[in-house]
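Chemist: The primary structure of each chain is shown beneath.
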Amino acid sequence: MTALIRNRRTGKIRVRKTQSSNLYMRGVLLVLAAITVYTLVTIDTKGADIAAASAKTAEYFWLMLTQPKAVPSHFGIQDGGGIGTFFSALHMLGITLALAFLTTLFGGIVALFLGVFAAGNLTNKKVSNGIKSFLAVVRAVPTVLWVLIFAIGAGLGSVAAVIGMSFHTISHLVKAYSESFEEIDEGVIEALRASGANWFQIVFQAVIPSSVSYILSWTFIRFEINFAVAVAMGAAAGAGGIGFQLFMAAGYFFDIREIGFITYLILAVSLIMEYLATRLKEKYHIHNGA
Amino acid sequence: MALLEVTSLTKYYGDTAALRDISFEVKKGEFVAVIGPSGSGKTTLIRCINRLIPASDGKIIFDKENILNLRGNALRKARAKIGMIFQHYNLVERLSVIENVLHGRLGYKSSLEGMFGVYSEEEKEKAFNIITLLGLDDYVYRRCDQLSGGQMQRVGIARALVQDPRMILCDEPISSLDPSSSKVIMDYLKKIQKEFGITVVVNLHQVDVAKKYAQRILGFNGGSLVFDDEPGELSKKQIYKIYGTEAGELIID
Ligand SMILES: Nc1ncnc2c1ncn2[C@@H]1O[C@H](COP(=O)(O)OP(=O)(O)OP(=O)(O)O)[C@@H](O)[C@H]1O
Ligand SMILES: [Mg+2]
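First to last, the sequence lines map onto chains A and B.
At position 209 of the first sequence (counting the first as 1) the number is 209 in my numbering, and the numbers step up by one without a gap.
Remember, my numbering sits 1000 above the position in the second sequence when you count from 1.
Calculated directly from the structure, the hints in this document are not laboratory data.
Note that the structure is predicted; figures quoted are calculated from it, not measured.
Cβ atoms here follow ideal geometry from the backbone N, Cα and C, with glycine treated the same way.
Hints are not guaranteed to be accurate.
Unchecked claim - Covered stretches of chain A (in silico footprint by chain B; criterion: 3 or more residues with CB under 8 Å from a CB of chain B, positions within the stretch not fixed):
| hint | segment |
| --- | --- |
| 1 | 156-164 |
| 2 | 198-209 |
To be verified - Partial chain B-side listing against chain A, Cβ under 8 Å, derived:
| hint | residue |
| --- | --- |
| 3 | L1052 |
| 4 | S1056 |
| 5 | K1077 |
| 6 | A1080 |
| 7 | R1094 |
| 8 | L1095 |
| 9 | G1104 |
| 10 | S1111 |
| 11 | F1116 |
| 12 | V1118 |
| 13 | S1120 |
| 14 | L1234 |
Said to hold, decoys possible - Derived DEER-like restraints, expressed as beta-carbon distance ranges:
| hint | chain 1 | residue 1 | chain 2 | residue 2 | range |
| --- | --- | --- | --- | --- | --- |
| 15 | A | D185 | B | D1187 | 24 to 30 Å |
| 16 | A | V159 | B | S1110 | 51 to 57 Å |
| 17 | B | R1071 | A | G187 | 32 to 38 Å |
Input sequences plus hints: build the corresponding full structure.
Modeler: Right, here's the structure in full:
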């Protein structure tokens, strides 16, 4: 019989065993904390006045949030401005959203097929492990890097962004999809097999319908991620859209109030997406969306 | 005439023998109950018959074909003629009752039609009629995760029936149900056997239920067939033989 474990000091009974991995974890955290403190104390500020710099940052931040304003000419609007500028900004937002949508759709479709083959309960171990380990490597490299890698062939721009973002989306969604496929009750698969259904029929009639809520929920999460990435790609890879405008405002026009304007636009889109996601979940009864 | 003829069936899981040299026959339209203690091989037997698991040795002749030799499409066709009902119903819970029932037709469909759930009007009508027969006509479009256990099991029976099966195999169909739902399910199985002449082979843990419904009882112990006769012949001594002395006393009381 295993003896109950008691706390060494208080003598109270423990219900969880301290495992060695827990100890390692604590050790690692401790070391990281120590390094952080050491770095903060010894950091080279090149003589900048921290207090003044912080105050200035706060001031800019305040200006950005309280007085957002777009300059029409930055948006390619010559005269008037107002409504024209707004529509021009919406158009750029549209480009960014389209980039996110396209890469999510493309990645999602490919991932659905690969996900089936990556699910250990639907194919043999070799195929499943092969796909999984290959995609683990793909996933380990950040999206931005993939875009830059594909830019070697396609040149910086939207093409590289679409390919690179889709690539990473696939690797992410295959993992999410295949894990939800693997969770399906083996008995259901068996029941269809017993009635004479073949593999394709089982996948489409039992496996995918059972995982629909997971698939939707993961795809939507990936869409949100891809929107954020698409903004960044506009700036970093010249993929255009609102991200590029943000980059121009920040690095070229040095217009902090325009940055505020664009930030609010992006925020609004995020809120709308959040709302839609909630509605979608209600509609499909997603209780355990990850 | 024998619909199912099992000869010297043997099944090993690694080194453990789950079935040892089993031979028996099931006549067309017969209602057979399989009883035996936990681990005696009842589930293994049922699954060997429709090849959900491969047998190690022996012969299983169903409808004049040796099931153990079939592959690919021939196996699918044979399976389509054998319905199966499970303890945990094994329905696709997100789909509606009628969608689940129509899954019983997949064995007859081409890959593409089956994949996208393209069913003929006759098939849909047939499914609806069977659903009505099982008293589920109010729930045709209800999602299966909103049904009670007894109702889900009736969907399971409907799915098996829509296959136009010659035989239905049931693995503990009432073990998750309360006594009154159990009776409903057993009555439906009896009705299917009587009215449609479909052979029914059912694994049971309840000896009294087996005695009440079956025309023949197969008793298993440790992978061997130790009893094969009519319910009337199931004496105290035979029950001891199947379940061992101590458990046997509990059953007889
Ligand atoms: N997949 C498996 N791998 C290894 N051994 C197995 C496997 N399935 C069953 N067995 C063994 O085979 C024997 C028969 O099991 P089986 O499931 O057929 O019994 P059962 O009569 O259906 O029992 P129960 O009444 O509990 O359902 C048992 O000893 C069991 O441990
Ligand atoms: Mg069993």
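Chemist: Does A1080 (chain B) pass the interface check with chain A, least Cβ-Cβ distance below 8 Å?
Modeler: A1080 (chain B) check passes; min Cβ-Cβ to chain A is 4 Å, inside 8 Å.
Chemist: With chain A as the partner, please determine if K1077 (chain B) meets the hint condition of a C-beta pair closer than 8 Å.
Modeler: holds (7 Å)
Chemist: Let's test the interface hint: is any C-beta of chain A closer than 8 Å to that of S1120 (chain B)?
Modeler: violated (16 Å)
Chemist: Does the nearest C-beta of chain A fall within a distance shorter than 8 Å of the C-beta of S1056 (chain B)?
Modeler: violated (20 Å)
Chemist: Quick one, is the V1118 (chain B) hint okay against chain A at 8 Å, beta carbons?
Modeler: violated (11 Å)
Chemist: Given a cut of 8 Å on the nearest C-beta pair, is the interface hint for S1111 (chain B) held or broken against chain A?
Modeler: Cβ of S1111 (chain B) sits 5 Å from chain A, so the hint holds.
Chemist: Take the shortest C-beta to C-beta distance between L1052 (chain B) and chain A; is it under 8 Å?
Modeler: L1052 (chain B) check passes; min Cβ-Cβ to chain A is 6 Å, inside 8 Å.
Chemist: Taking the beta carbons of V159 (chain A) and S1110 (chain B), is their distance inside 51 to 57 Å?
Modeler: Given a distance of about 40 Å, which is not inside 51 to 57 Å, the answer is violated.
Chemist: Just to be careful: measuring from the Cβ of L1234 (chain B) to every Cβ in chain A, is the smallest value less than 8 Å?
Modeler: Nearest chain A Cβ about 29 Å off; hint violated.
Chemist: If you take the shortest Cβ to Cβ gap from R1094 (chain B) to chain A, is it below 8 Å?
Modeler: Check passed: Cβ of R1094 (chain B) comes within 5 Å of chain A, closer than 8 Å.
Chemist: How about F1116 (chain B): closest beta carbon in chain A under 8 Å, or not?
Modeler: holds (7 Å)
Chemist: Do the beta carbons of D185 (chain A) and D1187 (chain B) sit within 24 to 30 Å of each other?
Modeler: holds (28 Å)
Checked against the numbered hints given earlier, this structure breaks hints 1, 4, 12, 13, 14, 16, 17; the rest are met.
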